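Trainee: Just so you know, the protein sequences line up as chains B and R, in that order.
Whatever position you read off the first sequence (first residue = 1), add 1 for our numbering.
Whatever position you read off the second sequence (first residue = 1), add 1 for our numbering.
Each statement offered as a hint is correct.
Which copy is meant is left open, because identical chains are indistinguishable; a pair holds if it fits in one copy or across any two.
Computed list of lysine-lysine pairs in DSS-like fashion (alpha-carbon distance at most 25 Å, straight line):
{"no.": "1", "residue 1": "Lys-344", "residue 2": "Lys-245"}
{"no.": "2", "residue 1": "Lys-225", "residue 2": "Lys-101"}
{"no.": "3", "residue 1": "Lys-87", "residue 2": "Lys-223"}
{"no.": "4", "residue 1": "Lys-324", "residue 2": "Lys-245"}
{"no.": "5", "residue 1": "Lys-138", "residue 2": "Lys-225"}
{"no.": "6", "residue 1": "Lys-344", "residue 2": "Lys-284"}
{"no.": "7", "residue 1": "Lys-101", "residue 2": "Lys-223"}
{"no.": "8", "residue 1": "Lys-101", "residue 2": "Lys-164"}
In case anyone wonders, no lab produced these hints; they're calculated from the structure.
Since we're looking at a predicted model, the values are computed, not measured.
2 protein chains.
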Amino acid sequence: MTTSFHPPVRTLMGPGPSDVNPRILEAMSRPTIGHLDPSFIALMDEIKSLTQYAFQTKNKLTLPISAPGSAGMEACVVNLVEPGDKVVICQNGVFGGRMKENVERCGGIAVMVENDWGTAIDLRQTEEALKANSDAKFLAFVHAETSTGVLSDAKGLCALAKKYNCLSIVDAVTSLGGSEVDVDGWGIDAIYSGTQKCLSCTPGISPVSFSDKAVDIIVNRKTKVQSWFLDMNLVMGYWGEGAKRAYHHTAPINALYALHEALVILKEEGLENSWARHQYHHKALATGLEAMGLAFIVPEADRLPQLNAATIPEGIDEAAVRKALLEQYNLEIGAGLGSLAGKVWRIGLMGFACNKKNVLLCLGALDSVLSQMGASIQTGIAVTAANQYYTQESLSRI
Amino acid sequence: MTTSFHPPVRTLMGPGPSDVNPRILEAMSRPTIGHLDPSFIALMDEIKSLTQYAFQTKNKLTLPISAPGSAGMEACVVNLVEPGDKVVICQNGVFGGRMKENVERCGGIAVMVENDWGTAIDLRQTEEALKANSDAKFLAFVHAETSTGVLSDAKGLCALAKKYNCLSIVDAVTSLGGSEVDVDGWGIDAIYSGTQKCLSCTPGISPVSFSDKAVDIIVNRKTKVQSWFLDMNLVMGYWGEGAKRAYHHTAPINALYALHEALVILKEEGLENSWARHQYHHKALATGLEAMGLAFIVPEADRLPQLNAATIPEGIDEAAVRKALLEQYNLEIGAGLGSLAGKVWRIGLMGFACNKKNVLLCLGALDSVLSQMGASIQTGIAVTAANQYYTQESLSRI
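Given these sequences and hints, build the entire structure.
Mentor: Structure representation (structure tokens):
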């Protein structure tokens, strides 16, 4: 007979999900109520307002999609792009490629601006593509590439979009809560994120936001949105203003309890404090990894603090290392994805998992496992180097 | 400052979500692990096998979609139907209409067989439509209409589909776990359900299953599935057989802990016992409602035990009644949907919520609230009538 499942207690330092704050797990287990219950409607209003805080926006159409980040990407694309619409997509990792898939599956024309994996999106090259495609309606890009650990200049890219009369579609799955995201300040038109990265929430929900210009396009489409489930014209009826909420689909009640708690925690800490914390522990981790002799694939200026792609020492079976970390330390780090598979590890420092304890655990465990495997690294100094960083530098709170 | 949300403790006897078993809420709050963790892969295998049990199928492509039942419907339609494909859709409530929307949004041609709301789907009429549309590829229908409380003859409809060389697409959102669903026995080709009805799980996930014939269509499509997120050709790579699971999207880990626990509970009780329990308490509730003078809109033979659509006494403000039940008794019952809005209440008896305590609470509370409002009902006898039923009849377990 199959019995209840009791998961092992891991430390999650991969590309997400990240360690979930116990407050969030507890919130998730509170009694389920109906999706039209007045108490739930009040909760929805709070979630909306907290999501506006996280995205730094006043956008009315700001809400959580009832499915993971990939569905958030699809929601942005299928609601905005109509057959024949041209979209300039900057790609510098796996997720730019997924944007292309989404655009093409709804009949859009994707014009790709290819950048080397591990580098930030090139603004000059993007501007040339926008110049050469004056009929393009959208500029789409990934703010924080989870496959490589690169942070691109979203502010600069959005300014380019505006200059060439394009609306911007931005993937902030890994950036939200860990790095600055300023939807109104940067003029982002459509943005999606995920709950399982720097919000430290359980996976499964995708916060999204659309500017008034984007909403204008959505409500004036010539064709119906091809997805009924993701059609914002319908979803708005449930998440919109006013007391009368029209049933669309059954909201994932308990997952939204969890998201609410995650956003409350983010607001308690403060956005700027959270960004500073991610930067601080990233520096400590980087100090330790570099002392050990593990190189970053991303130039320092473009590194995403919450996702560290480190090269694998020569001759080392990277999967065996991850297996040993999991079995000996209950520690999960991530493998490389796409063209970086087998070439890097991806070490996450996201949200609740971004703390001193985890930095030291990860460095100590890697040091030990790599030593056992005879890797040519500097052994026994990574933890000390990180501790020195912690002693010298302090995390300033706002 | 926004603070943690503590929901009221309701009794959920609407159209879903239904009361969640505390075992499931507790399972949901267990520590999150990675979506490629070996322990999670093992859990996925158990979920697959338990879902096969619930659906009574050996279908290999049986898995939970990472989004609510509406997305399950969309997954079945967008994976199977290609532009120009003709689908005969039987409609006898809201959800048949939603199937039409889905079919049309992926370029399919919907041929509607309209039945009166509150009646079961007519087999003769369906056969005529299939005869008149010999080029139809699919027959789609709702097994248990949540908007009206009608159970249709899925076995007979699937036999018709087979006779006319159509694949069957079946909505089992409200039937699964509460009424017989026999995917292999009836020859269902594509089926979707929801977690928040008779599985008594939190809302947000949609179990689906596809026959080998359906899989054959999916892998040999001429066009790409229009939804990247729901494309079974890609989802199969993660949920498929073998040790190598390819990342597609991040699975909603904790929601799947909950589904696993819900399915373990269903298996512990046994499918047949669960169906019998739903029938038993439905009879007790019906006895009480009818004693009170509230009529059912559905003929007895077609009634869905887990969803009871009862007419509203003349001159009574139905919304005020629901508000009073919620405020005075923390009891949620459902309003009418679509063309039945304002005409009926929908009283759910689903999964964990289907028990004697809830039947008596609902009858007692309705009796009191309706009396206070001066409704022309027989007061003071509903609870007694239900208790008499419980004394006379016993629930036989297998």
